[in-house]
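Participant: In case you want the letters, here they are:
Number of protein chains: 2
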Amino acid sequence: MKIKIACAQIEIIAGNPQLNTQTALNAIAEAKRQSIDVLLLPELGIPGYLLGDLWEQPAFLQDCANFGEKIIAASQGICVVFGNIATDPAKVNEDGRIRKYNAAFTVQNGKVIQGPLPYPFIIKTSLPDYREFDDSRYFHSLVKLQPELKPYKTMEDLLQPLKIMVRGEEIRLGVMICEDGWTENYHFNVPKILQKNGAQILCNISCSPFTLNKNHKRDKVFSAQVRSCGIPLLYCNNIGIQNNGKNVFTYDGCSCIYDAKGHLVANSNRFEPDLLLCEFDTATGKVTSSSEPKAALSETEEIYAALYYGAKKFLAQMHIAKMTIGISGGIDSAVTAAFYINVLGPENVLLVNMPSRYNSQITKNLAQTMAKALGTNYTIMPIQNFVDQTIEQITTTPIYNYTQNSDFYLKLTSLAKENIQARDRGARIIAGLSSAWGGAFSCNSNKTELTVGYATFYGDIAGCLALIGDLWKHQVYALGRYLNEEVYKRPVIAEDVFKITPSAELSSAQTVGTGGDPLLYPYHDYLFKAFVEKWHKVSPEEILLWYKENTLEANLGCQPGLIEQLFATPAAFIDDLEHWWELFCGFAVAKRIQAPPILSITKRSYGYDHRESQLLPYFSQKYLALKKELLQ
Amino acid sequence: MKIKIACAQIEIIAGNPQLNTQTALNAIAEAKRQSIDVLLLPELGIPGYLLGDLWEQPAFLQDCANFGEKIIAASQGICVVFGNIATDPAKVNEDGRIRKYNAAFTVQNGKVIQGPLPYPFIIKTSLPDYREFDDSRYFHSLVKLQPELKPYKTMEDLLQPLKIMVRGEEIRLGVMICEDGWTENYHFNVPKILQKNGAQILCNISCSPFTLNKNHKRDKVFSAQVRSCGIPLLYCNNIGIQNNGKNVFTYDGCSCIYDAKGHLVANSNRFEPDLLLCEFDTATGKVTSSSEPKAALSETEEIYAALYYGAKKFLAQMHIAKMTIGISGGIDSAVTAAFYINVLGPENVLLVNMPSRYNSQITKNLAQTMAKALGTNYTIMPIQNFVDQTIEQITTTPIYNYTQNSDFYLKLTSLAKENIQARDRGARIIAGLSSAWGGAFSCNSNKTELTVGYATFYGDIAGCLALIGDLWKHQVYALGRYLNEEVYKRPVIAEDVFKITPSAELSSAQTVGTGGDPLLYPYHDYLFKAFVEKWHKVSPEEILLWYKENTLEANLGCQPGLIEQLFATPAAFIDDLEHWWELFCGFAVAKRIQAPPILSITKRSYGYDHRESQLLPYFSQKYLALKKELLQ
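If you read the sequences in order, they're chains A and B.
Taking the working numbering, the leading residue of the first sequence gets 1, the next gets one more, and so forth.
Taking the working numbering, the leading residue of the second sequence gets 1, the next gets one more, and so forth.
Worth flagging that the hints you see were computed from the coordinates, not collected in a lab.
Accuracy of the hints is not assured; some may be wrong.
The list treats identical chains as one, so a pair stands whether inside a single copy or across any two.
[Said to hold, decoys possible] In silico lysine to any residue, SDA-like type, Cα no more than 20 Å apart, as pairs:
{"no.": "1", "residue 1": "Lys313", "residue 2": "Val589"}
{"no.": "2", "residue 1": "Lys153", "residue 2": "Phe188"}
{"no.": "3", "residue 1": "Lys627", "residue 2": "Thr551"}
{"no.": "4", "residue 1": "Lys313", "residue 2": "Leu344"}
{"no.": "5", "residue 1": "Lys153", "residue 2": "His187"}
{"no.": "6", "residue 1": "Lys100", "residue 2": "Phe133"}
{"no.": "7", "residue 1": "Lys489", "residue 2": "Pro502"}
{"no.": "8", "residue 1": "Lys294", "residue 2": "Asn213"}
Assemble the whole structure, with the sequences as input and the hints as a guide.
Facilitator: Structure (structure tokens):
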């Protein structure tokens, strides 16, 4: 018999069970119209996933249970697999709070399909506790439940397919939840156990955020899994955005269907609602679909798609309809400005150029040229007069020492004066202007700067969202090119912006035309990326070893010959390495703690994804020995 | 036979294994001088505990293993139980990174004492994943290891006491790690299993931060545990501070010893290094100590002790020797100023009063009076001129609309003008002044304000540390009294500061003498505390139910009759509740995301302890029904 089985790729709003239930009910109604037999809905599709400690609120949990009942009631004539939070008031979690399971309910004709558990749902087995995930903080896993059960049952006893009847025929669904399908490092291989126990088709309901290059990885893992099990797999993921405070994640959906040989049969468009349908032949185990798998995107296309969707949804959720952006004439603010104008429309964006005496005519002209090209709102608010007055007030106001009963005066270093400029721009003008203009203001910091804190507290690390805070400098340039060539199809970002040497223009030594940032682009992009994004964190020990072995460029993924060109001696290389490592582990951490939320797209974004304590920078014993050797 | 067994309550510096190893070696040397047979050292005493994702760095892990070898080598003639991170390069954690165990090594005469595990250490069984703890993110528990082991062994097989020889006699130590002793909500009762398996004495090595009133709770839990097991317990905890970025925690130590009947025999002073010693009679199971248990402190004494220790250690770790503090004449800045002057000395603190036209003569005088009483450095930097100029610049600079090719002008609301004042103080003066003075500047926000975001982004929510950010307003007052009466023993905080109505003095309606904060002290303290600090989170549903049942004051812990006095009608009560709930769940979250680290002392502090997503404020279905009922 052929049955129709589908993934409802719906948008989930974290913390809004009422709306999510309505979205799910609409999807069920549509599925019924299309005579679908089995409909999958995403993991935790009623509550949402990234709720922070809202999971600790009993009133919210009770509401989710009540809304879940509405889904069950709506399952007349259809089998629905949906994710919800499930509680057991008779038990507690290990933290003493109400027992909570990340659960999948399989329901049909108004009733739940009972499996081997003493609950009307199945429970997530593999709980991710890496990156932004804190599953063990909130959910009790099947692995933790197993030793509590009496009489004793093995995990194999508990991981059973669920039996549903479709037009008189029994179908055995291997239902699992998200991470249960990422079997690489978990002791219990959930899909394999389900298949051994008789599952005819694997149904993975997920709530899995977009990550650059993750779809490729998922395809590899799932395809191998399916080949090993020999039965088809449906993967149902949601769209929308969710955040954990420090990070805003996008959910691309990309629900997909694999046949029993591990071939991708069909997949959903990214960031769009979809009902992804296939026919499953219960006799042969074959799945067929009328659609074709979609082509993969380039890295910059992926980045653009995720940032566009994430920014648009985030601003809408926060009721931010207007944006104020400081525009310096440099690449970061130019890309940010062009991006937001594309999202919000030129009439809703206000660009402000805030020159001091150190800003070159080149960049001032570039800022104005771009505002004009973008057809947006533009103003110039000079800061020099205010900066001078602030310096004067701080250095000429007497300070009274009540112990010695005498006055004294303070001095400002040139770095302190640079920071005064940055704060005058961010906290005085942009923040004030944005409250007059309405909406919010943008943080234009990129990941390279955030890595080493090359930014000023309450100056440029400020704003409602760091749009490009998860992009390395070279990715910012690439995004700028993409905006010109593919989005606007005209050079809204002036060509010179790509050509000038990046410079903060905060002192006479550091002005476009005279001197640039202390960062060496793109070498430091790749060095910092190794510090942050490698799964096995790279420290100066590995860097120095690779340097010594002449494999550094290959290991970092940057262009051969670069190191020799940049650093004449091992001493110069080591100085640079230690300088940036100390900033990365030191003062930059303090800055990131108070930084705005980041629109997160890579496999490691600052914030709650890459967690940090304020510690002293650490150099390992092996590093110190290697350094000694190289400096001899 | 009587053996000498002791807890080394040492200071641990997170991320400094070299220094921690030296501290441990010193403690071992001292223990040998005192002829101690068994010495306990704290959990994760080599690496430290709150390291963030430094746990992912293989070079660091390798160093910890190497330093652990030095402890083992130093165990000639003594048995040492110490905590360290242990790895198994042949396995991975569930995240695919190197397998890591939170381990206790029991070593004697240069050799490890082998237990039933295939490792030379025991493994933490119960991993906390609540509050600031993320154990499952980093460590593989014994519970997770158990199903991996071949041949099959039960948890009871694996939780065995370790057998050491002391002067020819075998002693069976029941070694466990921190949370293993907090048995309330975990399936496996580690101390009970150890005792059943023959342990003669329980040895709990911990790294457990100070929490207000926690020592009392621990005493209850441990005492009951010991009574149930019928064998003595030693609890060894460290001192020092550790942080996770958003929160700075103090470790009070308070190591302690219980006899077999659950009586506290001896304990260490809080926040001091100690070698807490007892004699254990192996024949009778009795433990005796020459010292006496210390008396408990009052709440304010505890708060003062933790904040003093925490601030002192944090500033030292960050190399902050000087502090700039904005002083308004109100209680928060007065307490903060008096506190830091006590920590750093009056010569290292600079107080700055920054009046606008809305600051009353009363508070200006109070600020100066206190600076004088504290004998510190003081200056007055008026802001009105700058605020006026900023308002003028924002409202009179033309903005050019490049679509319509015309100029327009913006207006500022009175709230926007208030925020301009706050940012002028925080980001222009205090930040600039502090860079001239050296050191850092203080964030004076309290927990009541942080709860609802009654503070300005980049204005008063700024600084290196929120010293009183985990204190409710009434606790700030109590701390002020304590500073006057017990610390300074003279009224350094002027009496009028306790008496004036708190006011931000940012508008003419809101000036001391004319009008105060919109917050109702102390009612909102208690209301907000229920939102945040109750283990089962309280939402408007419970609040309204208690209001209806007339049990609200009793449930919140505030004074009877208060509600009736403050709110004439249910409608007024509900308006107030919804207003603050919406701020708490809404804009205040955005502010806390960018707030400075908090010196955390309660059982729930903002930051990484109380985790939050930016969501829309949620009102449950039951709340909405109750509200309807009450408003009819």
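Participant: Next step is simple, just say for each hint if it's right about the structure.
Facilitator: Status of the hints after comparison with the structure:
1. Lys313 x Val589: Cα proximity of Lys313 and Val589: across copies only (18 Å, versus 28 Å in one copy).
2. Lys153 x Phe188: Both, since 14 Å and 17 Å are each at most 20 Å.
3. Lys627 x Thr551: within (17 Å within a copy, 68 Å between copies)
4. Lys313 x Leu344: For Lys313 and Leu344, only the intra-copy Cα distance (11 Å) is at most 20 Å; the inter-copy one is 47 Å.
5. Lys153 x His187: Intra 17 Å, inter 16 Å, cutoff 20 Å: intra and inter.
6. Lys100 x Phe133: Intra 16 Å, inter 18 Å, cutoff 20 Å: intra and inter.
7. Lys489 x Pro502: Classified as neither: same-chain Cα gap 24 Å, cross-chain 57 Å, threshold 20 Å.
8. Lys294 x Asn213: within (15 Å within a copy, 58 Å between copies)
Taken one by one, the earlier hints fail for this structure only at number 7.
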